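K.L.:
So the chains spell out like this:
There are 2 protein chains.
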Amino acid sequence: MKNTFFVCLFILTFNASVHAQVLKSPDGNLILEFNLNEAGTPIYSLQYKQKTALKESKMGFVLKSDILLNKDFKLTNTQFQSENNTWRPVLGEQKEIRNQYNEMKVDLLQDKSERKITICFRLFDDGLGFRYEFPVQENLRHFIVQEETSEFNLAGDHKAFWLPGDYDSNEYKYTTSRISEIQTLMLDALNESLAAQSPIKNVAVQTPLMMKTSEGLYINIHEAALTNYPAMFLNVDSKTFALSSHLTPDAVGNKGYIQTGSHTPWRTIVVSDDARAILASKLILNLNDPCQFEDTSWIKPVKYIGVWWEYFIGRGSTWAYSDDQDVVIGPTDFSKLKPNGTHGANTKHVKEYMDFAAANGFDAVLVEGWNEGWEDNTAFKKERIYSFTKSYPDFDVKELSMYAAHKGVKIIMHHETTSSTVEYERQLKDAFQFMVDNHYTAVKTGYVGPIIPRGEHHDGQAMVNHYSYVAREAAKYKIMVDSHEAVRPTGLNRTYPNWFAQESARGTEFESFGGNNPDHTTILPFARLMGGPMDYTPGIFQGDLSVYGSKKNKLSSTLVKQLALYVTMYSPLQMAADLPENYMRFVDAFQFIKDVALDWDDTYILEAEPGDYITIARKTKEKQEWFVGGITDENPRIATIDFSFLPKGKSYVATIYEDGKDADYQTNPQSYAIRKMVVNRKTKLKQQLAAGGGVAISIQ
Amino acid sequence: MKNTFFVCLFILTFNASVHAQVLKSPDGNLILEFNLNEAGTPIYSLQYKQKTALKESKMGFVLKSDILLNKDFKLTNTQFQSENNTWRPVLGEQKEIRNQYNEMKVDLLQDKSERKITICFRLFDDGLGFRYEFPVQENLRHFIVQEETSEFNLAGDHKAFWLPGDYDSNEYKYTTSRISEIQTLMLDALNESLAAQSPIKNVAVQTPLMMKTSEGLYINIHEAALTNYPAMFLNVDSKTFALSSHLTPDAVGNKGYIQTGSHTPWRTIVVSDDARAILASKLILNLNDPCQFEDTSWIKPVKYIGVWWEYFIGRGSTWAYSDDQDVVIGPTDFSKLKPNGTHGANTKHVKEYMDFAAANGFDAVLVEGWNEGWEDNTAFKKERIYSFTKSYPDFDVKELSMYAAHKGVKIIMHHETTSSTVEYERQLKDAFQFMVDNHYTAVKTGYVGPIIPRGEHHDGQAMVNHYSYVAREAAKYKIMVDSHEAVRPTGLNRTYPNWFAQESARGTEFESFGGNNPDHTTILPFARLMGGPMDYTPGIFQGDLSVYGSKKNKLSSTLVKQLALYVTMYSPLQMAADLPENYMRFVDAFQFIKDVALDWDDTYILEAEPGDYITIARKTKEKQEWFVGGITDENPRIATIDFSFLPKGKSYVATIYEDGKDADYQTNPQSYAIRKMVVNRKTKLKQQLAAGGGVAISIQ
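Protein sequences appear in the order of chains H and R.
Counting the first sequence from 1 gives a position; this note's numbering is that position plus 12.
Counting the second sequence from 1 gives a position; this note's numbering is that position plus 12.
Be a bit skeptical, because a hint or two may be false.
As the list makes no split between identical chains, a pair holds if one copy fits it or if it spans any two.
Unchecked claim - Computed cross-link-like contacts, DSBU-like style, restricted to lysine-lysine with a CA-CA straight-line distance of at most 35 Å: (1) K86 - K635; (2) K488 - K410; (3) K673 - K86; (4) K688 - K124; (5) K360 - K688; (6) K402 - K61; (7) K294 - K394; (8) K348 - K76; (9) K410 - K698; (10) K566 - K312; (11) K419 - K402; (12) K394 - K86; (13) K348 - K441; (14) K402 - K76; (15) K117 - K566; (16) K393 - K61; (17) K441 - K402; (18) K490 - K124; (19) K117 - K363.
Just so you know, these hints were derived from the structure itself, not from any lab.
Treat the numbers as computed from the prediction; the structure is a model and nothing was measured.
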């Protein structure tokens, strides 16, 4: 894991000066300036190749109640340090990640109160991370954050790809607009009906916030290593283009309970004049702590299908076993209920999925609706909705466990909590033991609806602690976790590699209700995925849901683009989300899903423009095998695929899955062609992508 | 357990009438009338021997948001039933409890909304219980209670023994006043500094509320079987003497999340013209569900001493092992901290307590401060304060476990949670397993300070669920629970007999800070103890704390009254709270504590007047052995002890522990005499009690 090539540490300590402290990135392109203004407020600014990435921006906190920890500071010490080494992720986009930065730590003291904070800046070639550190001190021990007052003052009216600020949901559509337009467009952006919504009252957006300046600078603001602290939103001043931190409050309006001897998450600003460098950035992972587990041999990528999509398409399949909405876990004897006849997770049906998984090389079958309690699960009004150890009468745990072993596939456990973490934590150990007893090695957790404990939010400190608690507990049972509706990720998959994927954004399921925009997946890698892998659940071949009867939704993508997503949307957990019958109708296209790898030696961002297109090539972990995915938004385009990532002196046969000539995501999404082509490192392929289309290439 | 002598069930079902429905108690003394008024609001009233116990009082609910479930009802059905049987508590004041009542159930329907509720009245000879039942129905499934609108309208300006309404504390002093005076006295009553306080904004008091009418009627209002519902307070109208229910809100102001197919706790009104009948009442236990456990052989009474009182008396002994307030459970290596030298729970000291316990026949030694985390425990600002499985470096778990076994005593585990139930529940199973591994069979839990999850209250639905969850989980490990600072008990010790004692009131510890009034223990049995046993921790022989140095507090009781409390304050868990050295100074008086039983065949309330005096005799379970305790308030009195509870035709030697002739709780509390006397069932002893004094008698 820790393959440190060399660590260069040099510590310079000198007395405080009234001049700005300057820190340069290793390549010299980024320059950070830090100073204290006349009020004693910490300020910083960030330049990239003589362009302003962030203007002078204030830093600090207001503590409860109205204690100002953002002025009256003097600088007592500055300390520099550098590091340049590499490390190997357990699962990842590349086998080795370089961690190279110059660090500056400024120690600040408020004279009268004798309160101290330290601000740590780490400047990488691809951006800045900074965090606040709270040293152990006599006059500050426990405190409550009223608000963090970090500013991220933009130099202009940038183009932004944003989600409306909401403490409980990140499942909105992205809006693309100028910063100045955010206020006007906010109401529209919030016009979604989601299971839990707590829109921020002032104008605020979510991170990762992807922006592009009119000068062609790409700026991404997010955070890294979010633990024991609320998630950060960004207040937006539509006139001055000033952004500022807005933390998620708890049930009583507080924004973080802190004990000194600790620090905040890192605030990250990834910057480049090349959009590809944003996608290639490993800054957020680098700012996370190394893996916490000694043994990681049990953490493996998973390709899966699931009893899942059938619940969304209007075909009548249900999570619930009966239609009796008056069930109560414990008292209700489910074996005595009248089955509704539409229950998806029944033994026979799950076996069919297992057969299909085994026949097609999938690792696992996700089964939702296997457990007691789905009858009234949308009430969001009781602490205890589900059992996580008791299956419905028609789901034979033991038989399916044996069948899975026989077939060589795993079942992915599903723990929908309906956000009652109180009850989930009570059942957690028994639930994980149940999984171990039945040979389940991965769980999909769900946090639909408002949080219980009441008044808490998905993105608050208490829930942030909950998610990582679940990940740590799961690791004790060698269980991998894929959390849905949890707080957006911040690179903690480095520290807890068993927390190997999250949803935390608008996924494929929304294609069946609100719909996704055709540019959605060209934004996600620049936004949501900056924090970590996403269980986007691509692979929908039958995008016109009207074929099933009751729905009229149409996928915002061609069939080929669905293939390309397996490459462009990095995740070591990938689902083939469609019904097996649809894969059987397109066996040749399905081959790509069967073939595509999940874990990589290297990744090459070939082309990228947020909101427009992405083309990525990846080399399979420990194999001479490559996969390429290219996608476009609603506009057709010609992708230029440069195969220079291939080894010297060899040629390979590439299988190209391409949109048909008449393909179009709206009118003809299932039109595709498959051709073979010999390629080598000199090949530059001009590939036509349909509107809402893509290309997928395998070189095996 | 269920020794049912006979059950008489007769069910009369007839059509609704517009006349009042009338229910009489088995002895005919109590008459309940139920009706619907012109607005369709349910109303009830209660008469006792032609005297009005409760005037016409409305019933019902307001649901969220402003849905009225307290009017527009019509009566659709009335059903009567009676029961007369007995049952045996696992531990108790008597070996057999009669459960005799007449029941009336009224089914009510709101025409337009088609919502249904049922009100169930059970009339015993000693009072009324009623509860609301929510049948399963099509138009009401999950709902949120905005407020319960039950009224308890008093017929006059009664004398009341009350605690101010506070969602987070029941550790106030009792105030004795007329109902009309409550409003004026409220500010004074709230003038206490407690670890968690959330005083109710309007004028409200806690239950059990003990009252006495000018006609000499005793009325006690409380609740029974409080589960999955918030605890009830009583709003007080100082002018009309109307009381009404006021439920504890949750973090967002809601007052109960209900799914139909359920019911509220019972609202209880115990009534008699004899104060002794109030103390003898088993109505609240009768309204609780039978014991939920098959095997109760492991549930045993416990007499204990503890490393405890030394923390309160200003002698310098500390819970904390070090003075480093910057500790963090997990990261901090406690073995590397500098010990403060005052840590009470060190191996050597605990062994001294064990030696003393073994030498004097105690079952157990409570050890507080054994575990990591006490250094900053009063901050109330972090989720995770304590480890419940890791001891301080100077507390040798294994050695003490062996020593305890060798000495034949148990250690009582201490789990102070500082009200972070989030963290406690995470550690709960490991903590209980730790206890099993080390042969601990009882735990004292503590809920000092504000609740985490933030915004929740000690008396809210979430915490009510927490406490009973802990009791049920503990039972799985055969662990008995003594909860401190939890919601006031409501007889759940019948259902979960391992939850064998609670504090939930101002206990002896307050003698070391705020002080208790001399009449405190003459009120507690009429108030707090109506709900269940109290771990009051009596037995303080050295009541003048100035002897230890830094404090000036003086106990509100003579030494003999401390002995009497072991009889007057029922609990199967009793502490001898003072330092062993003080018992060694008064070995003859200490003999009573050594002798007194904890579990009883029968109990005889000989004399009682709330706020003034109590005299109780009890017969030891399965032994021809009796103990008598008599106490008075600040006034000396002559107790009349009628020994007619003794068997016919036999005489016994009684050992009488009495206040010395010059005894007085303020000036000479340690003056006492011990004499022996032959008694039989005809003996009527006139016994002088000093001011703040008592008498204790053993007949063995």
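K.L.:
Each of the hints needs a verdict: does it hold here or not?
P.N.:
Now the hints, each set against the structure:
1. K86 - K635: So K86 and K635 fail the 35 Å test inside a copy (55 Å) and across (77 Å) alike.
2. K488 - K410: both (23 Å within a copy, 25 Å between copies)
3. K673 - K86: Result: close neither inside a copy nor across copies, 66 Å intra and 72 Å inter.
4. K688 - K124: neither (74 Å within a copy, 71 Å between copies)
5. K360 - K688: neither (39 Å within a copy, 81 Å between copies)
6. K402 - K61: neither (60 Å within a copy, 54 Å between copies)
7. K294 - K394: between (41 Å within a copy, 32 Å between copies)
8. K348 - K76: between (54 Å within a copy, 33 Å between copies)
9. K410 - K698: Neither: 53 Å inside a copy, 73 Å across copies.
10. K566 - K312: within (34 Å within a copy, 67 Å between copies)
11. K419 - K402: within (23 Å within a copy, 44 Å between copies)
12. K394 - K86: Between. Shortest inter-copy distance 29 Å satisfies the 35 Å Cα cut-off; intra-copy 51 Å does not.
13. K348 - K441: both (28 Å within a copy, 32 Å between copies)
14. K402 - K76: For K402 and K76, the Cα distance is within 35 Å only across copies (33 Å; inside one copy 45 Å).
15. K117 - K566: Answer is neither: 52 Å inside a copy and 56 Å across each miss the 35 Å cutoff.
16. K393 - K61: neither (54 Å within a copy, 45 Å between copies)
17. K441 - K402: both (14 Å within a copy, 20 Å between copies)
18. K490 - K124: Classified as neither: same-chain Cα gap 51 Å, cross-chain 55 Å, threshold 35 Å.
19. K117 - K363: Cα proximity of K117 and K363: none, with 58 Å in one copy and 51 Å across.
In this structure, the hints that do not hold are numbers 1, 3, 4, 5, 6, 9, 15, 16, 18 and 19, in rising order.
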